[in-house]
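Trainee: Residue-level listing of the chains:
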Amino acid sequence: QSALTQPASVSGSPGQSITISCTGTSSDVGGYNYVSWYQQHPGKAPKLMIYGVSNRPSGVSNRFSGSKSGNTASLTISGLQAEDEADYYCTSYTRISSVVFGGGTKLTVL
Amino acid sequence: QLQLQLSGPGLVKPSETLSLTCSVSGGSISSTTYYWGWIRQPPGKGLEWIGSIYYSGSTYYCPSLKSRVTIFLDTPLNHFSLNLRSVTAADTAVYYCARGGPLTGVLDAFDIWGQGTMVTVSS
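Chains as they are written, first to last, in the working numbering: chain A, 1 to 110; chain B, 1 to 123.
Because the hints were derived from the structure by calculation, they are not lab data.
Computed from a predicted model, the values in this text were never measured in an experiment.
Careful, some of the hints might be misleading.
Stretch-level coverage of chain B by chain A, calculated; a stretch enters the list once three of its residues show a Cβ under 8 Å from a Cβ in chain A [as the list claims (entries may be wrong)]:
| id | region |
| --- | --- |
| 1 | 41-53 |
| 2 | 105-119 |
Each computed DSS-like pair below joins lysine-lysine, with the alpha-carbon atoms no more than 30 Å apart [unchecked claim]:
| id | chain 1 | residue 1 | chain 2 | residue 2 |
| --- | --- | --- | --- | --- |
| 3 | B | K66 | A | K44 |
| 4 | A | K47 | B | K45 |
| 5 | B | K45 | A | K68 |
| 6 | B | K66 | B | K45 |
| 7 | A | K106 | B | K45 |
| 8 | B | K66 | A | K47 |
| 9 | B | K66 | B | K13 |
| 10 | A | K44 | B | K45 |
| 11 | A | K47 | A | K68 |
| 12 | B | K13 | A | K44 |
| 13 | A | K106 | A | K47 |
| 14 | A | K106 | A | K44 |
Backbone N, C-alpha and C define an ideal beta-carbon position, used for all residues, glycine too.
Please build the complete structure, drawing on both the sequences and the hints.
Mentor: This is how it looks when you write it as structure tokens:
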């Protein structure tokens, strides 16, 4: 299985909104509503931010939102804050009952 | 509050077997709808799913690692384990255990993670 495609980096200023894309195929992202997003700060374990394309676990800020169109999922962070600076990874459930990660996106808050 | 605690050697010789255990506290490993997963991250690189095991014992593996991986449950001890055979330097990574499934019913959406442990493959 091939990794999902994410931009290597994105950046934004405090208060702005940014969107990170995650492109797969009809065998993963496009075929199931099982896309998740994780935030990872340096040296820390990943934290689940979005599951099921657009659902937020309890305790995750509503500044984080997810969506999907066709084979591409997106994570949007609104009202950027300094603590949002981190790596972000998408995942998808796949046709062969596996999980595939995206390559990761480094978010820089300017 | 369910917690996951990883244990295992930090150094493994090439061609040998990497073995890690993830102990579950604050909950039962036999709870329905839970998938127990292993994920790794080579230094400076992204995350890679290794595989997961359902509470019933059904296993799911990354296709590229399937020939070398075994994941199994130890229900009495409330932990699950990873064996990765015939390791090379490419298997050097931080290894994480995680719980999936409770939010979606499938093996994704890992909502609870262990602390991660660095495993180096070197002679």
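Trainee: Now look at each hint and say whether the structure bears it out.
Mentor: Do the hints match the structure? See the list:
no.: 1; hint: 41-53; in the structure: holds (count 5)
no.: 2; hint: 105-119; in the structure: holds (count 10)
no.: 3; hint: B:K66 with A:K44; in the structure: 27 Å, holds
no.: 4; hint: A:K47 with B:K45; in the structure: 17 Å, holds
no.: 5; hint: B:K45 with A:K68; in the structure: 25 Å, holds
no.: 6; hint: B:K66 with B:K45; in the structure: 21 Å, holds
no.: 7; hint: A:K106 with B:K45; in the structure: 11 Å, holds
no.: 8; hint: B:K66 with A:K47; in the structure: 26 Å, holds
no.: 9; hint: B:K66 with B:K13; in the structure: 20 Å, holds
no.: 10; hint: A:K44 with B:K45; in the structure: 14 Å, holds
no.: 11; hint: A:K47 with A:K68; in the structure: 20 Å, holds
no.: 12; hint: B:K13 with A:K44; in the structure: 26 Å, holds
no.: 13; hint: A:K106 with A:K47; in the structure: 15 Å, holds
no.: 14; hint: A:K106 with A:K44; in the structure: 14 Å, holds
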